[in-house]
Each structure stands twice: as structure tokens, then as C-alpha cells.
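Participant: As they're listed, the protein sequences go chains A and B.
Counting along the first sequence from 1, when you hit position 85 you're at 85 in our numbering, and nothing is skipped either side.
Counting along the second sequence from 1, when you hit position 101 you're at 101 in our numbering, and nothing is skipped either side.
Bear in mind the hints are in silico, worked out from the structure with no lab data behind them.
Please note that a few of the clues may not be correct.
Said to hold, decoys possible - Computed cross-link-like contacts, EDC-like style, restricted to lysine to aspartate or glutamate with a CA-CA straight-line distance of at most 20 angstroms:
# : chain 1 : residue 1 : chain 2 : residue 2
1 : A       : LYS44     : B       : GLU45
2 : A       : LYS14     : A       : GLU105
3 : B       : LYS3      : A       : GLU105
4 : B       : LYS3      : B       : GLU66
Said to hold, decoys possible - Calculated Cβ distances over 10 angstroms to all of chain B for the following chain A residues:
# : residue
5 : LEU13
6 : THR20
7 : ASN65
Note that beta-carbon positions come from the ideal geometry of N, C-alpha and C, so glycine has one too.
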Amino acid sequence: NAGVTQTPKFRILKIGQSMTLQCTQDMNHNYMYWYRQDPGMGLKLIYYSVGAGITDKGEVPNGYNVSRSTTEDFPLRLELAAPSQTSVYFCASSYSATDSYLSYEQYFGPGTRLTVT
Amino acid sequence: DAKTTQPNSMESNEEEPVHLPCNHSTISGTDYIHWYRQLPSQGPEYVIHGLTSNVNNRMASLAIAEDRKSSTLILHRATLRDAAVYYCILRDPRDDKIIFGKGTRLHILP
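This is chain A alone, in the form it adopts within the complex (with noise of 0.2 angstroms):
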């Protein structure tokens, strides 16, 4: 049980460069979430996915887009990188069951660190 993957490590973009920063989870859960953290700061929502085929915006989605075809993958792309998106991006899923009022705690990937340059 791998838990929440998120590949790659690292990289570094040219501005106007595209890419896809990838999240995989193997704990079948419905809800997937992407964040941003800049240095020093909290997390922001950038989207996040209630299930397969469904995905909804949070607090910073502008330049960004998402896509969840199946339950464990929920891939993040930035189209024209530009220095703003400079940022480590976090990957989280967390089960929601809809029929109650039950919490649920969020477990996170290790982060991807992107430098726009």
C-alpha cells in the first residue's frame, strides 16, 4: 500500500513550457485534491475531484487544469508555465462517505517542487 504517489520530484520549466505532474493513489478513495504551497506560506486549493469524472475548483485555479478518468489517477496540467507557478504542489485523497455526516482526514503525497524560469 503505496499510499499517495506524485511524480516527478522535481523539475524545472522554461516559461510558456507545458507539463503534467502526475498523482496516483491506491486506497480507492473518492475524493482527490491538488494544492500549491509557496515558501513560507499555507496550502491553497487548487482543484479537487468528488469522483471519477468529476472535478471542481478551488481557491487558485487559474493556469491550471484537471482531469480524473479513473478512481486512482488524478493528473494536474499547466499549460504556458509562467514564474508564479513556481511552488511545490501537493497531492491529497482522502474517502467521503456521501450518504453520512463522517469526517475523513486527507493523506498527502511527498510534493512535486517546481521552479518556472
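Starting from the structure of chain A, add chain B where the hints point.
Facilitator: Chain B only, in chain A's frame:
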């Protein structure tokens, strides 16, 4: 969204208890109180959560005020490995997302 207020930073001596406060005066009746922590260069990890009653687990205890407008995360015997940023988060389970604030940076002095 209901907000939380935490001190920016705190210090504690190793092997002593640590009380990390969180104010959430606008909490609603269905909000759970979650705590996460983030060790240096790692992703956040779950610590504890509760609704109304005090909660204990192997990592920490959570003391919730009777009016639920504040809570305290208690580390019973701090070690150097507990140095991290601690986030207090309100979570309405009917809402799909969790919003992180800035947290409290805990320094442990040897």
C-alpha cells in the same frame, strides 16, 4: 467559510507539554475541528479531529471548549521531531473541500 485564528509561532522546551490554541468563533454546529501538521520538506499529515468532546489518540489530545469557539491541541511530551507547522481547520462534512490557513510554527528547544 468559518475561519480559524492561530498564533504565527510558538516555542516549547523538549520533553514538556505543548498547548497549541485555535480560535474559531464563527464555527457552525456541523463543523468538525481538524488538526494537521507539516514537518519540514514534507506534505501535511493528519493529527486529530473532533466535534464536541475532547479526543485523544497516540499523537495528541484535542480539548474543545464547551461553546466550541476555541480548541487546543495538546502534545503531552514534545520531542524535537514535533517541530512543524500545525494547522487548525474547520471542516463541514457536507462541504467538499478543506481550506488550510497559515498555521502555527512550533519550535522545540533542546
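Participant: Give a verdict on every hint.
Facilitator: Now for the hints, and whether the structure bears them out:
Restraint check for LYS44 of chain A and GLU45 of chain B: the C-alpha separation of about 16 angstroms stays at or below 20 angstroms, so the hint holds. Our distance criterion of 20 angstroms between C-alpha atoms is broken by LYS14 of chain A and GLU105 of chain A, whose separation comes to about 36 angstroms. With a CA separation close to 19 angstroms, the supplied pair LYS3 of chain B and GLU105 of chain A stays within the 20 angstroms bound. Among the hinted pairs, LYS3 of chain B with GLU66 of chain B is consistent with the structure: their alpha-carbon atoms are about 18 angstroms apart, no more than 20 angstroms.
Every Cβ of chain B is farther than 10 angstroms from the Cβ of LEU13 of chain A; the closest lies at roughly 21 angstroms, confirming the non-interface assignment. Against the 10 angstroms criterion, THR20 of chain A stays outside the reach of chain B, whose nearest CB is about 19 angstroms from its own CB. Against the 10 angstroms criterion, ASN65 of chain A stays outside the reach of chain B, whose nearest CB is about 18 angstroms from its own CB.
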